[in-house]
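Two independent chains are provided; combine them into the complex using the hints.
So the sequences go chain by chain: A and B.
Per my numbering, the first sequence starts with residue 1, numbered consecutively.
Per my numbering, the second sequence starts with residue 1, numbered consecutively.
Hints listed in this document are in silico derivations from the structure and should not be mistaken for laboratory results.
Some clues are possibly wrong.
As a list, the in silico EDC-like pairs of lysine to aspartate or glutamate whose alpha-carbon atoms are at most 16 Å apart [as the list claims (entries may be wrong)]: (1) B/LYS127 - B/ASP20; (2) B/LYS199 - B/GLU209; (3) B/LYS199 - B/GLU183; (4) B/LYS195 - A/GLU404; (5) B/LYS206 - B/ASP143; (6) B/LYS127 - A/GLU276; (7) B/LYS195 - A/ASP405; (8) B/LYS127 - B/GLU31; (9) B/LYS195 - B/ASP133; (10) B/LYS206 - B/GLU196; (11) B/LYS199 - A/GLU404; (12) B/LYS195 - B/GLU209; (13) B/LYS195 - B/GLU183; (14) B/LYS199 - A/ASP405.
This structure is a prediction, so every number in the text was calculated from the model and none was measured.
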Amino acid sequence: MPTPYEPAATRVRTDAGPLPGAPPSRPPLVRDRSAGWTPGVCDAVARHLGVSRRLVRVAAVVLAFSGGAGVAAYLFLWALTPEADGPAGAGGPVQARVWSERRRWAVLLVAGVVLVVAGGALLVPGVGMTARGSVLLPLFVIGVGAVVAWSNLDAAQRSRWLTGGPDGMGWVRVLLGSGLALVGVLVLVTRGSSVSVLWDAVLAALAVLVGALILAAPWALRLWADFRREQDAAVRATERADIAAHLHDSVLQTLALIQRQSADPAAVTRLARAQERELRSWLYDGPQGSQASLAALVTEVAHEVEDLHGVPVDLVVTGDRPFEQHGVALSRAMREALLNAVRHGAPPVTAYVEIGPAGVEAFVRDRGAGFDLDAVPEDRLGVRRSVLERMERHGGSARVRRREDGTEVELRLPPIEGDDT
Amino acid sequence: MSSTQTPAPTAPVRVVLVDDHRMFRTGVRAELTEAMAGASPVCEFVGEAPDVDTAIAVIRAETPDVVLLDVHLPGGSGNGGGDVIRGCAGVETASGAPVRFLALSVSDAAEDVIAVIRAGARGYVTKTIGARDLLTAVRRVADGDAVFSPRLAGFVLDAFGAAAGEIAEVDEELDRLSAREREVMRLIARGYQYKEVAKELFISVKTVETHVSSVLRKLQLSSRHELTAWAMGRRLV
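The shape of chain B in the complex, shown without the other chains (with noise of 0.2 Å):
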């Protein structure tokens, strides 16, 4: 589905790489870059670090659109990931667009999860995930959109009750999804790609980009108190 998600003429999305390991780095890059080859390159890599204050200089200096985060990560102040995101609060692309961040995480863990999105990542993928399916997602935070992994819709589900069947009355209720948002997190959680999710619900993939980033508002503003027990877990509220 990437081939139809990325139109040829926009410039490659500028990439920087946080990982504290530099054997993963180098494997992103090659996978990436192998990923890209033959086509028109959807990103390139103009840096990387391997923690959080040389993450931020990095980021500072570079000003990319993308950078893909670690959520653990060695220096600051032992926050990791969500540390990165707020030393480069304000940060701009030379586009006038904010440096947006993608969470890359070998942990489940919910707590590191939510933590690391109301910190203000744009989404959250594991590293298990396919390159190709990566370069999606690279593409898509760069536009502004959000990306789900399945597994963070299941925790998007779990956390606003709407497994449980809380519904919100009106979709500006920031405790709760409103009834199309869960059908599409559902469908997430289901290994849905979004075309498919628009196909499944008959609306257009923007209109699913539209409900994803409503919900990651909501993941981000919500005081629900699963929500902040989670974060309160690494003091970010």
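Here chain A stands alone, though its shape is the one from the complex (with noise of 0.2 Å):
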């Protein structure tokens, strides 16, 4: 049931694609990794622009051939363009979009490494390689080995990072794609040269993957600072759900009640007397423990007798214990007896259940007319079955005690035994 009081859960996912309502608007450039083996570079700028994808796609490809300007531009895009879960209303099928990355990893790291491979046979001198052929192909090897890592830290963008950096499958892709990259920049260098070179060269290469990162820095920078917005929008909405739904859930609710039975002041007081008990235990106890023990058990009885009558009581509970079957039947003729209160007697009705090494005691008190047990007839059941013989049952002992404004029950239970507490 849709409310102003939960607007965060259900407007984060939206912004893929316009509001129902809202004046069309181009929709945001973000890219889609639900489908396809690409990043989605040209998808997001076609749905962005409003053209079709493969109008973009051609231009890209005319770009790239055209001195390489297609090339950068898509690398370009693809570092800063951030990344959706999915286009709008794409609840998309989890498990076959984990399938679908993991296929598309498993291609990517073979091809690296016939790539790594053939790069290696060409060093070997009588292969027939050619010149152009010695540079393109280490070039490529590096583009793959930058594909490889890149792609990594491009997919954790999202979640991995959040559970506490990648897993040891993104590590193992990240160093990968570094080895790769290392591979290529190597042959590239060395190739036709001694050993002797070799270490220049690594030192070369070395020096070209630091000025990378240096490079990178920034992009590297832009994706904390989103992990770490992310992450406080994701808390501080949680947090304004909880509140908001508690809120609508009980006081919400409660004033709509309320309003519909206003003619009724006993609803009314009912229902606010329920309502503030609701919202006081929930601002003031703090996190519910066990609910396991007597005070809880007795607490719950009278909150019980009000909601049915919409009598106040009120209830004072000192000391505690866990609750076994003597607390349970204490608890069951206490009940009897705040009805009998709430029924037959006159507010304010008050109880005071005290738990302690000597026992439990509890005493329910009303200020009515008062009745004389030896009066009552032997039919009526509820107090002297209920409440007089369950006490007796479990050990203990009531009595009912007629006083000059009211009636007073005073119910005892000895101390569980063995208890040295």
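If you want it as structure tokens, here you go:
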């Protein structure tokens, strides 16, 4: 049931498409990795500009052959375009997506390995390498290595960093990609040279990689900032959604009920009282611990009676102990006493439960006219059976005291045997 | 019972009402005025304040007998009612009695209750209290006695370990309740009025008041761990 109080959760994911009713706007430039092998750059541009995807691809290829401008633009967009979870409405089968990603990586890995082997073979004299090929192929190897490494960082943009860094596979990819690139650079530099210059070449290659890292630093920073922002926003959204959901389920519902029953003062009082109690416990009690205590049980009983009859019950509990069958019996007897008090007595109804080493004592008091136990007909089982006999069965006692202004029921339980606390 | 507790000749208690909700202040005034209608007025309202700083200014200017004080208030150093009480330390009424504070709060949280009592309030009642009971409480506090709600009595029994059977050997011991004080607290927790407590224990109402005041003193001065821990939460120690 959508309400104005739960906007955060529902609106977060709609950024891939215009909101219904909003003026039509250009979709943001985001990449969708859920389909296909490519990083989705052309797709993103096509959706953003509102033109055919094929047109964009053709343009990219044409540009790529005109001095490499297309390649540069592609890489640039790839690095700077954020990644979306999916296009508008694509809740997409996650499993399928994972599989397609795995397959993609497998193919890329195989291709990379093949290229390394090919690159290595080119080093061996007599395989008939041409000057041109010996430059192009290592370059290609570098390219693939870079793709493997960078693509992984790219995929990690979301959840993986969130869950404490990339998983084992992710690191393998990063290392593999870097390794490929290094090998490619080495092959490129040392082609036709003696082994003596190899160290220089390694240093040169490392220098290139460090340079690349420095160049990539802004991008990595952006990645980090993105991640922090998202995390913060997610925490805030969750918190707000929790509070909103709680208020909606409790206070707003009660207010609605009160408006509907405004002609019935008793119902309004009961609703307000129950809601106050609930909100109070939510605000002040903190996270609910174990409810398996006698104090929690008698509190619950008092609230239940209050809700049933709409008469406030002022309950004070001191001490606590885990509840067992005798405690349960006491709480049932107390419930009966409270019911009698709210039915036949006059408010205020007060109850006090003291749980200590000397046993449990419970007092239920009302301000009614009171009643004489002996005058209660034998067939009225409420007090006699539910309160007196029940307490006696559990080794305790009960007493009904008639006072000037009301009745007080006293319930007593001896300490639990063998309990030292 | 308020009729027997309010002898006619005494002058009305001068009251300042401090609460950050205007609706609540208006409501309390209207309710108390209505409850006093026809009889000699128990109290008269001489001022109101919505926050800590205004409250201190108003109380210093008016020197009322009793301040009805909300526990949670904006302003000051963030400790609400406790700041008001400390800010008004030493202020006396025209008759030379100290200005007395009765905390009035919706909060049942132990640290709020204990904090405001330890800051010096003479009593604590919840905002759901009836008008007649509130009048009685105001009168009692004006007379220098303490006012304990059943819930506060419950806190006291818990905090002093009385519910767990700890009883002072001598009455002067600050960290425990005496057997008699424990009995009085237990009856108050059961919802008994002072008069009923007196009858139940075969003592005078004055003796009950003495016991309650003594418990209040222990509550304010004791260094029992439970109490200091609660007060520490509000930076009161």
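Hint-by-hint comparison with the structure:
Only pairs whose Cα atoms come within 16 Å are accepted, and B/LYS127 paired with B/ASP20 is accepted, the gap being roughly 13 Å. A hinted pair counts as satisfied when its Cα atoms are at most 16 Å apart, and B/LYS199 with B/GLU209 qualifies at roughly 13 Å. Between B/LYS199 and B/GLU183 the alpha-carbon distance is near 13 Å, which keeps this suggested pair within the 16 Å criterion. Between B/LYS195 and A/GLU404 the alpha-carbon distance is near 12 Å, which keeps this suggested pair within the 16 Å criterion.
The suggested pairing of B/LYS206 with B/ASP143 holds, with an alpha-carbon distance near 12 Å, which does not exceed 16 Å. With a C-alpha separation of about 12 Å, the suggested pair B/LYS127 and A/GLU276 falls inside the 16 Å cut-off, and the hint holds. Between B/LYS195 and A/ASP405 the CA atoms are separated by roughly 12 Å; this keeps the pair inside 16 Å, and the hint holds. Between the alpha carbons of B/LYS127 and B/GLU31 the distance comes to roughly 12 Å, so the proposed pair stays at or under 16 Å and holds.
With a C-alpha separation of about 13 Å, the suggested pair B/LYS195 and B/ASP133 falls inside the 16 Å cut-off, and the hint holds. Only pairs whose Cα atoms come within 16 Å are accepted, and B/LYS206 paired with B/GLU196 is accepted, the gap being roughly 12 Å. Among the hinted pairs, B/LYS199 with A/GLU404 is consistent with the structure: their alpha-carbon atoms are about 11 Å apart, no more than 16 Å. At roughly 10 Å between alpha-carbon atoms, B/LYS195 and B/GLU209 fall within 16 Å of each other, so this suggested pair holds.
For a cut-off of 16 Å, the pair hint linking B/LYS195 to B/GLU183 stands: about 14 Å separates their Cα positions. Pair hint B/LYS199 plus A/ASP405 holds up; C-alpha atoms about 13 Å apart against a cutoff of 16 Å.
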